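A.B. asks: For reference, the chains in residue letters:
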Amino acid sequence: MNPPPVRQARSALSLWGERAIEWIIRLCGISAVIFVFSIFLFVFLEGAPLIPDLNWIQVIFSPEWYPTSRSNVRYGVGAMIIGTLSVTGLAMLFAVPFGLGAAVFVSEFCGGRLKETLKVVIEMLAAIPSIVWGFIGLSVMNHLIQTWLPAPVGLNLFNAALLLALMSVPIIVSIGEDALKAVPDSYREAALALGATRWQTVYRVLLPAARNGLLAAVLLGVGRAIGETMAVLMATGHAVNIPTSLFDPIRTLTATIAAELGETAVGSPHYRMLFLIGLMLFSITFVVNLLADLAVRGVRRQ
Amino acid sequence: MNPPTFTATPHVLRKLRRERLAALVLSGMVLAMVLPLFAIVAYLVVKGAPLINWAFLVTNPTDGMRAGGIWSALVGTVYLVVIALLVAAPIGVLCAVYLNEYARESWLTRLINLAVVNLAGVPSIVHALFGLGAFVLFAGLGRSILAASLTLAIMTLPVIIASTKEALNAVPLSFREACWNVGASRWQTIWRVVLPNSISGILTGVILQVSRTAGETAPIMFTGAVFFKKVADGALFPYALTDQCMALSMHLYTVTTQVNNAPEALPYAIAVVLLGAVLLVNATAIIVRSYLRSRKKW
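Line order of the protein sequences matches chains A and B. Note that the first sequence covers residues 77 to 378 in the numbering used here. Note that the second sequence covers residues 276 to 573 in the numbering used here.
Just so you know, the hints here were simulated from the structure itself, not pulled from any lab data. Hints are supplied without guarantee of correctness; some may be wrong.
In the EDC-like style, the derived pairs of lysine to aspartate or glutamate whose C-alpha atoms are separated by at most 20 Å in a straight line are [what the hints assert, rightly or not]:
| id | chain 1 | residue 1 | chain 2 | residue 2 |
| --- | --- | --- | --- | --- |
| 1 | B | Lys505 | B | Asp518 |
| 2 | B | Lys290 | A | Glu265 |
| 3 | A | Lys191 | A | Asp129 |
| 4 | B | Lys504 | B | Asp518 |
| 5 | A | Lys257 | B | Glu539 |
| 6 | A | Lys195 | B | Glu441 |
| 7 | A | Lys195 | A | Glu98 |
| 8 | B | Lys322 | B | Asp518 |
| 9 | A | Lys257 | A | Glu339 |
On a predicted model such as this, the values are computed, not experimentally measured, just so you know.
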C-alpha cells in the first residue's frame, strides 16, 4: 500500500525566507573578520603613501617629533614609544598585584552577598568613561600630586599611570576571577583535606593551576592600558620627552593622534604619519591580544 | 571519657597567622580599589551639584560655553548611542547566533572568535582613524552623526557578540532537541525557542553597552562630534543624520581643555551628568539581570 502523500506544510515563500535569513546570519557571522580586516586595510591605505619617504630607523628611535617644522620636518616617535611603554609599565606595576589580589579575594576569601556586591562595584569601576578619568587626572590628581609629592608639575607619568591602573584593574579582576573559578573544586577540596589554609591553597594550588588564565588577564589589562587615549591625553602633560623620573611629563602614541589629527589637512604627510602611528598601535595591541587568546586557549586545553 | 583536645603546634600557629595576614592584605587591596571609586564620585558630585538642575539639562550652552546648560550635548549623545546600538545589536546578535547555533568547530569559527577578541582590543583612537578613513572619506558620509555612530557601532560589536553568545549558551540543549524532534527547522527553533529564552540576557548585554558608547570620546572626535553647535532649547529632534552634533563626553573635553575661564563648577557638573547617566544605565541593567537570574526556570 502506498503511504499517504506528504502534505507540504510550509509555503515556498516561507522556505525561501528561511534560506535568506540563514544567509544573512552567515554574513553577520563573518562580519567581525571583515571589520578587523578593513580596519587594518583603511588605516594602512591612508598611511601607506608616506612609507617609502620615511627612514624607519630614525622614525622608531629618534625622539625628534617636528611634524610641522618649516625647514626640516622630522617624524621621530621614539619618545612616544618610550612614553607609552613607561606609562603602561608603571600602571601595570600598580594594577597587576592589586588586580590579582582582588581577584583572589573575591574568588576565594569572600562569599555570598559580599562577593556579589564587590563584583557589581568592580563592574561600575569599569564603566567610568575614560574622559571622566582624564578630567579627574586633570583636576583632582593634578592638585593632589602638586600638594603632597615633590613634583614640579602635576600632569606627569605618575598621574597617568595611576589613572591607567584604576582603569585596567577591573579587567584584570574579572578575567582573573573567571580563571580562578575555572579551577575544579576538587583541587580546593584536596588541598583543604590535607589541612591547608585558604591562603596555602591559593598560592600552592590555585595560582599555579590558573596560571594561564591569570596571564591572559594581565595581558588584556596591558592591551587596555596601551590603547587608552583620552585619559593619558589629559593627564600626562603631553610633552614629547623621554622621562627620567616618575614626575616627568610624557606623551603617548595614542594621545599624539588624538591631539594632532584635527589640525592636519587630509592627505598631508603629517596626516599620513598619524595613520602610520595608528597602524603601529593596531599591530601592538593585535599581538598582545593574540598572546592573551593563546593563554586562554591553553587553559581550555587543560 | 573526654574527647582528645588539639593543641596547636608552632607550625599550625604560623600557618594561621599567615592566613589572617593574607586575608587582611587582600581585603586591603580590594579597599584600595573600591575607596577611590566612592571618593572620586563623591568629590565630583559635591563640586558639581550646585550647578545641576532641570534648567541646566534642558538649555543650551551660551556665552562661548561658559554659561547655560548642556541640552545640545545631551541630545547628541542620545542620538549617537541609539543609532550605534540600532546598527550593532542586530549584527552582533546574528553573529553570535551563527557562532553558537550554526557553525561547527572549524578553522572559520576559530578565525571569527579570534577576530572578535582582537576587535575588542583595538584602541579607541584606531577606531577613530578607521571611521575617518572608511565612513567620513571613503563612503562620503562626511563628518556626521551617521559616520560617528557607525564608528561607535563597530567598537561595541565584539562585546555584544560575546555577551549574546553567553546568553545563548545558557539555553539548555534539551530545549533545542525537543523542538527539532517535533520537526522544526533550525531557524524556527532559534526564533521560537532559543531567542525567547535568552532575550533577557541579550538585552542586558546590549544595555551595558549603552554606557560604554555614551562615554567614548576618541572615536567621535574626528567623525562627527563638534565643539559647538547651536540648536533650539529643549528641542527633541534637533539634529539630522547628516549633521554634526555635540556630545557629552566631547563637551567635557572641550570645556576642560579648550575654554578659558569657564566657571569652576561647570566641568564638574558635566562630568556628574555623564557619570550619573552611565552608572544609572549600568545599575538598571545589573538589577534586571539579577532579578531575571533569580527567577530562571531551569
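A.B. asks: Checking one constraint from the list: CA of lysine 195 of chain A to CA of glutamate 98 of chain A, max 20 Å. Satisfied?
C.D. replies: violated, 38 Å
A.B. asks: Check the hint pairing lysine 290 of chain B with glutamate 265 of chain A against an upper bound of 20 Å on the C-alpha distance.
C.D. replies: Holds. Lysine 290 of chain B to glutamate 265 of chain A sits at ~18 Å (cutoff 20 Å).
A.B. asks: Is the straight-line distance between the alpha-carbon of lysine 504 of chain B and that of aspartate 518 of chain B 20 Å or less?
C.D. replies: Since the Cα atoms of lysine 504 of chain B and aspartate 518 of chain B sit roughly 10 Å apart, the hinted pair holds (cutoff 20 Å).
A.B. asks: Could you grab the alpha-carbon distance between lysine 322 of chain B and aspartate 518 of chain B and see if it respects the 20 Å cut-off?
C.D. replies: Not OK: lysine 322 of chain B and aspartate 518 of chain B at ~34 Å, beyond 20 Å, violated.
A.B. asks: For lysine 257 of chain A and glutamate 339 of chain A, compute the direct alpha-carbon distance and say whether it is at most 20 Å.
C.D. replies: Given pair lysine 257 of chain A, glutamate 339 of chain A is violated - Cα atoms ~49 Å apart, limit 20 Å.
A.B. asks: Lysine 505 of chain B and aspartate 518 of chain B: Cα distance at most 20 Å?
C.D. replies: holds, 11 Å
A.B. asks: Quick one, are lysine 195 of chain A and glutamate 441 of chain B close enough, alpha carbons at most 20 Å?
C.D. replies: holds, 18 Å
A.B. asks: Does the structure keep lysine 191 of chain A and aspartate 129 of chain A at a Cα separation of 20 Å or less?
C.D. replies: violated, 56 Å
A.B. asks: Does glutamate 539 of chain B sit within 20 Å of lysine 257 of chain A, going by the straight-line distance between their CA atoms?
C.D. replies: Not satisfied, since the Cα-Cα distance of roughly 46 Å exceeds 20 Å.
Consistency note: the structure conflicts with the earlier hints numbered 3, 5, 7, 8 and 9.
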